[in-house]
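Student: Model the full assembly from the supplied sequences, consistent with the hints where possible.
Residue numbers (my numbering), protein chains in the order written: chain V, 1 to 494; chain A, 1 to 331; chain Y, 1 to 152.
The set of hints was computed from the structure by calculation and includes no laboratory data.
The reader is advised that the hints may include incorrect statements.
Okay, the calculated bits of chain A under chain V, using three or more residues with CB under 8 Å as the criterion [what the hints assert, rightly or not]: (1) 69–78; (2) 108–122; (3) 126–135; (4) 293–305.
Cut-off 20 Å, straight-line C-alpha distance, at most; resulting in silico cross-link-like pairs (PhoX-like, lysine-lysine) [unchecked claim]: (5) V:Lys425 <-> Y:Lys67; (6) V:Lys222 <-> Y:Lys72; (7) V:Lys425 <-> Y:Lys116; (8) Y:Lys57 <-> V:Lys222; (9) Y:Lys71 <-> V:Lys425; (10) Y:Lys79 <-> V:Lys386; (11) V:Lys425 <-> Y:Lys57.
C-beta: ideal position from N, C-alpha, C; glycine also.
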Amino acid sequence: MNEIMAGLVNVLSIDSLFFIALGMALGIFVGSMPGLSATMAIAILLPLTYGMDPANGIAMLASLYMGGMYGGSILAILIRTPGTPAAAATILDGYVMTEKGHAGRALGISLVSSLVGGVIGGIVLLSISPLLGQIALNIGAREMFAVAVLGITIISSLSAGSVIKGLLSGTIGLLVSLMGMHAITGIPRFTFGSVYLFDGISFVVALIGLFSIPQALRLIEKDKAVAKASKIKDKILPSWKEFIGQRINFLRSGGIGVLTGLIPGTGGDTASWFAYNEAKRFSKEKEKFGTGHIDGLAAPESANNAVVGGALIPTITLGVPGSSATAVLLGGLMIHGIMPGPTLMTEHADVAYTLLWAILFSSIFLFVIGLLYTKVAVGITRIPGKILAPIIILLSVVGTFAVQNSMVDVMIMFVFGILGYFMDKIDVPVAPLVVGLILGSMLDTSLHQSLLIGGGSWAVFLSSPVAVILLIIAFFSVLQSTPLLGKVVGLFKK
Amino acid sequence: MNINFKKMFVTILMVTLVSVLAACSDGANSAPNYPDEDITVIQGFDPGGGSDQLAQVTQPYLQENLGVSFNNEYIPGSAGAIGWTRVAQQSPNDGYTISITNGPMLMTNYLMNDEISYSLEDFEPIANVVTDPGVIVVPADSEFETYEEFANYLSENPGDLTASNSGVGGDDFFTQLKWMEESGLDMELIPYDGDGPSWQAAAGGDVDVSFNNLGVVYQQIQEGNLRALAVFSEERIEMVPDVPTASELGLDVVSGSSRGYSAPADIPEEAKERLIEAFAQLEDNEEFQEDLDNLALPMDLKLGDEYAEYLEEEEKTSADLWEEVKDQYEQ
Amino acid sequence: MSYLVKHSIGSIFILILSIVFFIESLNYPASAARLPQILIIIIALLGIGMYIEAFMKYKKEKEEISKAEKKKAEELNVKRVLLFGTLIALYIILIDVIGYFLLTPIFLFVALTYLKATKITTAILLSIVFTAFIYGLFSMFLNIPLPMGIFS
Chain V
1 MNEIMAGLVN VLSIDSLFFI ALGMALGIFV GSMPGLSATM AIAILLPLTY GMDPANGIAM
61 LASLYMGGMY GGSILAILIR TPGTPAAAAT ILDGYVMTEK GHAGRALGIS LVSSLVGGVI
121 GGIVLLSISP LLGQIALNIG AREMFAVAVL GITIISSLSA GSVIKGLLSG TIGLLVSLMG
181 MHAITGIPRF TFGSVYLFDG ISFVVALIGL FSIPQALRLI EKDKAVAKAS KIKDKILPSW
241 KEFIGQRINF LRSGGIGVLT GLIPGTGGDT ASWFAYNEAK RFSKEKEKFG TGHIDGLAAP
301 ESANNAVVGG ALIPTITLGV PGSSATAVLL GGLMIHGIMP GPTLMTEHAD VAYTLLWAIL
361 FSSIFLFVIG LLYTKVAVGI TRIPGKILAP IIILLSVVGT FAVQNSMVDV MIMFVFGILG
421 YFMDKIDVPV APLVVGLILG SMLDTSLHQS LLIGGGSWAV FLSSPVAVIL LIIAFFSVLQ
481 STPLLGKVVG LFKK
Chain A
1 MNINFKKMFV TILMVTLVSV LAACSDGANS APNYPDEDIT VIQGFDPGGG SDQLAQVTQP
61 YLQENLGVSF NNEYIPGSAG AIGWTRVAQQ SPNDGYTISI TNGPMLMTNY LMNDEISYSL
121 EDFEPIANVV TDPGVIVVPA DSEFETYEEF ANYLSENPGD LTASNSGVGG DDFFTQLKWM
181 EESGLDMELI PYDGDGPSWQ AAAGGDVDVS FNNLGVVYQQ IQEGNLRALA VFSEERIEMV
241 PDVPTASELG LDVVSGSSRG YSAPADIPEE AKERLIEAFA QLEDNEEFQE DLDNLALPMD
301 LKLGDEYAEY LEEEEKTSAD LWEEVKDQYE Q
Chain Y
1 MSYLVKHSIG SIFILILSIV FFIESLNYPA SAARLPQILI IIIALLGIGM YIEAFMKYKK
61 EKEEISKAEK KKAEELNVKR VLLFGTLIAL YIILIDVIGY FLLTPIFLFV ALTYLKATKI
121 TTAILLSIVF TAFIYGLFSM FLNIPLPMGI FS
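Tutor: Here is the structure:
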């Protein structure tokens, strides 16, 4: 208990608050730039903290992580260009709201949802992290496979319009994510002899291409403007009634965010899709999703910020990073001479608890700084499309380059951009492709690992209760999206 | 006046030409004042990773010795291959661009993939700094208390245990191959994506044992989440004094992941010597030693030719091992 | 372009890619090839399915679809999309040669002028300000080594 209070006192110092605020401001700004994800922002700014007090440095990076998660949604909502992979699901309803002239309102919902998500993650982290930490270790190959399968069922629920086109898009995503060195055999697959493709196609790079390039082209292809300018008087913050109406959605999405964050190797990009899918599953107004529905925006937004707390749980209690961003954070701790791992909470309690409190406080700064930033950012919708288009291109190019300092990535980004544009022209949805990209290699690797563990037998999955439960849910999700379930239920009713 | 102008013009032209020529002949072969500008360190991995740890802990001491700053440039991708290809083929060999080189990854990259076009000859090894020895770990609740129990079980039930590694082609993978060859025992190898997921698979009970690196799992051993059965170092390691080395157990396997610095081939002799000299000073530096201890990284200083021989040796053993098992992976 | 032509081009493209990827996958050991091959077959089937679906739909609602397509085609400025696309491609190809900080203001100026987005003076000003912004953010602050081209 003493350590918890000591951590609180540490956070409430002027320096510490300053660095949390600074981290937040940088995080939101960098996160809003396409290509510069939260992970990258931490990686890039990590060297800046080498000279700082470890607790302050780490608090700043954690706040940066939180800010980056939120910042990514700003341009996703305003110009359909996700700043970070975690904001891809935000586009579905967020950008539609902008098109309808409610950009300010969309930004406000995103901000409040992010705040709630961040606080949920922060509270769980501060209260029951030792309890949850162990879960991360027990997520093995079999459970990962089940998570991937469950995730793939999202594809069918995103296939509005034509199921064939949705599945096609999703399957292409799965295939593309298999490109690169095969984890099990070390064989480079579909690299066509290029070393640059050994790691496969970077998800961020594909994502920037799929969304920003088509958007830039769409802005100039017609002579009249695409989106309505947002009304200046548009109220940004949602009303109390709207807020309360989202409480269950917030809790569910926040919970999904924390759990997804816990699982090593999955982060905000996965959590936001899961949350979107579940919000839709439990909604009475399924048909409103994708048309600028508040639920569809609040779900991914609260989930991706709840991930921050969730991902830090195994990081702090076990030294196991819960996401790619926390992996970098972990490296940062080590460079500060703090060995992350089970001893962190006891030997470096000051740093650990400062970090835990910093997450909670960063959510407050998220709200304040986010609100200021949002008010300025809404102005983007008043910039004519023909000016915006080349600027989107330039930001995408430089952001893509920054991912790995590689021009090859920029070319890959452009290829995906052209692909995205033509997919749009024949009404093939892009969202399933994104989900496929996230899950494909996870599915492949975990399947192979599980089969190796089980000596080649598929029965290996039955030996994991968690995997069995997840696979059953996945099975019902598939049934739910086909007319079959209705018939089965009908049979029982008779 | 005209003549004067002409003269002046010719003089200027001559001076320019001579200085350009001088500048050209300079550079590659002589660098009397080395170093007089900042040194760029190319890392083939992300900030915060193992290479960056080494860089952050080592470079302040080098900076003190050489009197110039170090700038890190991170070019991650393909297990370091993208960064190392850049060093080998595009970086100036004036001594102002060096790179962190990891064994055996530096070599196994091109041994296993024809598409990777650099080789060891493109590098001038400067110094190895640390070697993180390989280690066999089992989860705390494992039935194996000692290496003997583990080996006995495998000799009675060949192939009946699963063992994780950090990926095909990684150092742990090659440690496993060496160990299997030396002990004559067989087990199911299961590759994971990096050292972390590999030990987590063992700790979570997915696999029976993990071949890992001591520095990576040290905290977990301390805390009792994992138990070390054997370590693949030449001598016992101070951090884990009770863990026997492979040679004590009658196996000639010394293996691990080494990290050091190399320059592109054919850098000026003066620069090379000066750099080696700077690394030599690290040997008796107690502060530096302490910093490494904090990271649980055993120092393993090998300078110049010694480092080069070490890498060549690693290349040879890795190539032989890969040649033997290649068919299982590439059909 | 008509509804059916668009979809047939899409389907053919998918089939060609499927064949290329399938042939490439034949080089891999069975364990590495299995999943991609299954996916490729599914993709190829869905690609054909997409055309059949479009064909059925077109037969059923011929007039509505043609009307909607015609309206879309009228609004679309194909020449501008093509030229702008080429401009982007040129920009990406030339960055390494010419250098990021020289090419970027040129690209922005040319694009803005071509699209008739602003007055020439505003275009010049925007190009310079934006490039300076990127320089400050990426080169000074984030320390990302952008290609310098002829400046290096």
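Student: For the pair supplied as a hint, Lys222 of chain V and Lys72 of chain Y, confirm whether the alpha-carbon distance does not exceed 20 Å.
Tutor: It holds: about 9 Å lies between the C-alpha atoms, which stays within 20 Å.
Student: What's the verdict on Lys57 of chain Y and Lys222 of chain V, does the C-alpha distance respect the 20 Å limit or exceed it?
Tutor: Violated, at about 27 Å.
Student: For the segment 293–305 of chain A, count the residues whose Cβ lies under 8 Å from any Cβ of chain V; is that count three or more?
Tutor: holds (count 3)
Student: Verify this for me: three or more residues of the segment 108–122 of chain A with a beta carbon less than 8 Å from a beta carbon of chain V.
Tutor: This one holds; 5 residues, not fewer than the three required, reach chain V with a Cβ under 8 Å.
Student: Do at least three Cβ atoms from the segment 126–135 of chain A come closer than 8 Å to Cβ atoms of chain V?
Tutor: violated (count 0)
Student: Need the status of pair Lys79 of chain Y, Lys386 of chain V: alpha-carbon distance at most 20 Å?
Tutor: Answer holds: Lys79 of chain Y to Lys386 of chain V is near 15 Å, not above 20 Å.
Student: For the pair supplied as a hint, Lys425 of chain V and Lys67 of chain Y, confirm whether the alpha-carbon distance does not exceed 20 Å.
Tutor: This hinted pair holds, its Cα atoms lying about 16 Å apart.
Student: Does Lys425 of chain V pair with Lys57 of chain Y here, judged by a C-alpha cut-off of 20 Å?
Tutor: holds (16 Å)
Student: Straight-line Cα separation of Lys425 of chain V and Lys116 of chain Y no greater than 20 Å?
Tutor: violated (25 Å)
Student: Check whether the Cα positions of Lys71 of chain Y and Lys425 of chain V lie no farther apart than 20 Å.
Tutor: holds (14 Å)
Student: Using C-beta distances, would you say chain V covers the segment 69–78 of chain A, given that this needs three or more residues below 8 Å?
Tutor: Holds: 7 residues of the segment 69–78 of chain A have a Cβ under 8 Å from chain V.
Comparing the model with each earlier hint shows violations of hints 3, 7, 8; every other hint is respected.
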